[in-house]
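There are 2 protein chains.
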Amino acid sequence: MNAPTPLAHLAPDIRQREVPATLIASLQQRFGAQCSIAQAVREQHGRDESVYDVPPPAAVVFAQSTQDVADAVKLAAQYQYPVIPFGVGSSLEGHLLAVQGGISIDVSRMDQVLSINAEDLTVTVQPGVTRMGVNTAVRSEGLFFPIDPGADASIGGMAATRASGTNAVRYGTMRENVLALEVVTAKGEVIRTGTRAKKSSAGYDLTRLMVGSEGTLGVITEVTLKLYPLPEAISAATCSFPTIEAAVRTVIQVIQLGVPIARCELIDANTVRMVNAHSKLGLREEHMLLMEFHGSPASVKEQAETVQEIAADFEGQAFEWATTPEERTRLWTARHNAYFAAIQSKPGCRAISTDTCVPISRLADCLLDSVAEADASGIPYFLVGHVGDGNFHFGYLIDPAIPEERERAEGLNNQLVARALSLEGTCTGEHGVGLHKMDFLLTEAGTGAVDMMRSIKRALDPDNILNPGKIFSI
Amino acid sequence: MNAPTPLAHLAPDIRQREVPATLIASLQQRFGAQCSIAQAVREQHGRDESVYDVPPPAAVVFAQSTQDVADAVKLAAQYQYPVIPFGVGSSLEGHLLAVQGGISIDVSRMDQVLSINAEDLTVTVQPGVTRMGVNTAVRSEGLFFPIDPGADASIGGMAATRASGTNAVRYGTMRENVLALEVVTAKGEVIRTGTRAKKSSAGYDLTRLMVGSEGTLGVITEVTLKLYPLPEAISAATCSFPTIEAAVRTVIQVIQLGVPIARCELIDANTVRMVNAHSKLGLREEHMLLMEFHGSPASVKEQAETVQEIAADFEGQAFEWATTPEERTRLWTARHNAYFAAIQSKPGCRAISTDTCVPISRLADCLLDSVAEADASGIPYFLVGHVGDGNFHFGYLIDPAIPEERERAEGLNNQLVARALSLEGTCTGEHGVGLHKMDFLLTEAGTGAVDMMRSIKRALDPDNILNPGKIFSI
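Going line by line, the protein sequences match chains A and B.
Using the numbering used here, the letters of the first sequence correspond one by one to residues 62 to 535.
Using the numbering used here, the letters of the second sequence correspond one by one to residues 62 to 535.
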């Protein structure tokens, strides 16, 4: 396996195509006030949570229906000009940036919950519905949707990046929880990738091909999701540990014993301090596992007892329980805001997030050496992790005005990715490739597999208009 | 939605390409005794459990390594001549038949368990290992692999058809349980589609694209599977019902309540009789649910009590428990042999299997009308179902020498598929498309989606040599 090319991803390959004036005119004619070329609107759609600085898209179309999306794509296709789907703009990897120019297709107004099938545990939504929006809609049915990236991301964006979050250890990721999609193709045609049947062997798995394709194979216009009954009992707990290693060893044993823990998050002591400062939580400022158990009252009790016994073996202490919904919400909201808490701890900074994921048996090997490297670098960082999945995030807090800080942070990430790959892991557990991990993907998957991805891309988007320049060069 | 073309799948489109003599000579030179052109060997590799009669492949290569597979594909590719992967030959849908001629690549000698990673709950196997072979290998680690189609199928074949079985209601299908693959491409190159990380957002999901592609996009040469800890407690039970409807309504309620039942199978009274005759089980010859519960002793007890209460509401009676491993094995072996029991009940017959799967709320609508139709037809049938998934199989037992029987059976299947599609279901829950459901796939997925599949096929296999003529015409 080759080492990742050092720092090649510091500068994305920006080659904006010239926007045809007649395309803009056609879009304005078709969409009227739904099409904007205002500088502020374009700029808002030309950035995300990544560190890259790329000129904005040429125009923004606020789609309100599948037909709107199809028409926008058809017009762009006539001019072989790019389109870039936009949900809430919470990508960490540069997915939304118009590196080859483009029309941003903002689907945030496609925010209808189309049908809730409580008996089948499914819901069909438009792509602009957010994860919290789904949960608000289905709660009265006694159901919930577990996938929860940090931001209140759009379901379309979550499908496009194969997102996960804190519940994935038990409930899986978008890979497991999208049943079917409606997609607008590169020609502006509308297809469906599946039915509401729970399983199917009917041809190629277009659903899973679209999930994680980052807008490069089609624009998602409808998503059918799996839902779960709200657990009869839920219990959340924090537990402090003297070292990160002790916390990680606890997690490994919990997972290997097959305890069906619903959430199992690591937060290092420094990040607990940032979270306390931001969310006024008063948590013990030590390395911490934040856990949640779902099930019947008896099963939750059983799981919690098992985990407490394991934690005790590793000097875990101060098991503190949050049993009321309000306490739990406060705790998890704080966890979800860890990223923003960290950003605010160093005014003007940006975070360079890592996203490696390794088999659970290799988690300690991967994490502990990387902590030592980060400490030695002197760059401030936050560390949170969906450690039950073997996935964790360093966020190196850098001053974007100081290139040397960014280079050092990217250097740390390079070392971490190389380590994760050598441990049979992946460079990205849930954030996607975008612009930031194109070199890493090549190292991880190999030329043959990436060439296969390129072949698929060329076959489905011969003019390379669907979010071009992402995932791999072509 | 168009109705499926009636009976078009009675006769597959057979256009065998002429095999180049120099290809056979090259294969014999490269593979020696591993290459056979004996009539008996070819015929054995030219049929499966489907009803079709197709001339056999031109030769059989018994691959013993990935390199063997790659070399066989490379040689065939030089002549643009088809290759057809072969595991144990248990396909029900004509997957293995050489409709365009071909070299059968038999991987049954690639039967090594390559590595068991008990700590990560993964195992990597060669494609010729069978599902029982995997379980034999991992049992001493306290682990099991749940996916169990009726036959002791090969893992490669199960991946290729996106197989499932009786445990899918809790553990998912091959879609959810294949972590990564090694695949030989149409050019004879070897790629890997993923890592051992539990989740990943690293580019297109080539693993899920290959799973269910029925040998048309690559030849699977290695499979990394998820494993599960053997449950602390297991309990199996049968429960009899006065009507199929009562059994089905019980299942629907069990699933909708979120009971994490591990297996939930319907066997109709007639099929119970066939199973009794074949396996000497002495089961009550009434409509029956066959269930299994996995978990801690407390959780198993809780689940079983809930299900008993629900069953009682629907006049379920005679809950009979099989608690020893021997009793359970006897029961599930009998279930897995239902297909063969049925075949033996009518000497010389073949079974035409249906495989529809619908959302659980539509299960009663789909199943009961189809039972009435089958009863009215006078064709003997068996009926078993993974009803917890909304998936069930009629097996119409026909005399292959009487075309009219086959036409009537296919007519019943047509009606069933049309019904399932109108209820938001799929024509195939787990058997795959093969030759038998090509028309149904087109109706179910629509021209646009099937055209997308064709584009992918052309991109990855431009000379159409990988199991051509399956899934869709091209």
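Do not rely on the hints blindly, as some may be mistaken.
[As the list claims (entries may be wrong)] With a Cα cut of at most 25 Å, we get these calculated DMTMM-like pairs of lysine to aspartate or glutamate:
| id | chain 1 | residue 1 | chain 2 | residue 2 |
| --- | --- | --- | --- | --- |
| 1 | A | Lys362 | B | Glu363 |
| 2 | A | Lys287 | B | Asp132 |
| 3 | A | Lys287 | B | Glu485 |
| 4 | A | Lys362 | B | Glu366 |
| 5 | A | Lys248 | B | Asp132 |
| 6 | B | Lys362 | A | Glu370 |
| 7 | B | Lys287 | A | Glu202 |
| 8 | A | Lys135 | B | Asp512 |
| 9 | A | Lys362 | B | Glu376 |
No lab work stands behind these hints: they were computed from the structure.
Okay, the hints, checked on the actual structure:
1. A:Lys362 / B:Glu363: Holds, at about 14 Å.
2. A:Lys287 / B:Asp132: This hinted pair is violated, its Cα atoms lying about 43 Å apart.
3. A:Lys287 / B:Glu485: 15 Å, holds
4. A:Lys362 / B:Glu366: 19 Å, holds
5. A:Lys248 / B:Asp132: Roughly 38 Å separates the two Cα atoms, so the pair is violated.
6. B:Lys362 / A:Glu370: Status holds; Cα separation ~24 Å.
7. B:Lys287 / A:Glu202: 32 Å, violated
8. A:Lys135 / B:Asp512: Given pair A:Lys135, B:Asp512 holds - Cα atoms ~18 Å apart, limit 25 Å.
9. A:Lys362 / B:Glu376: Judged against 25 Å, a Cα distance of about 33 Å means the pair is violated.
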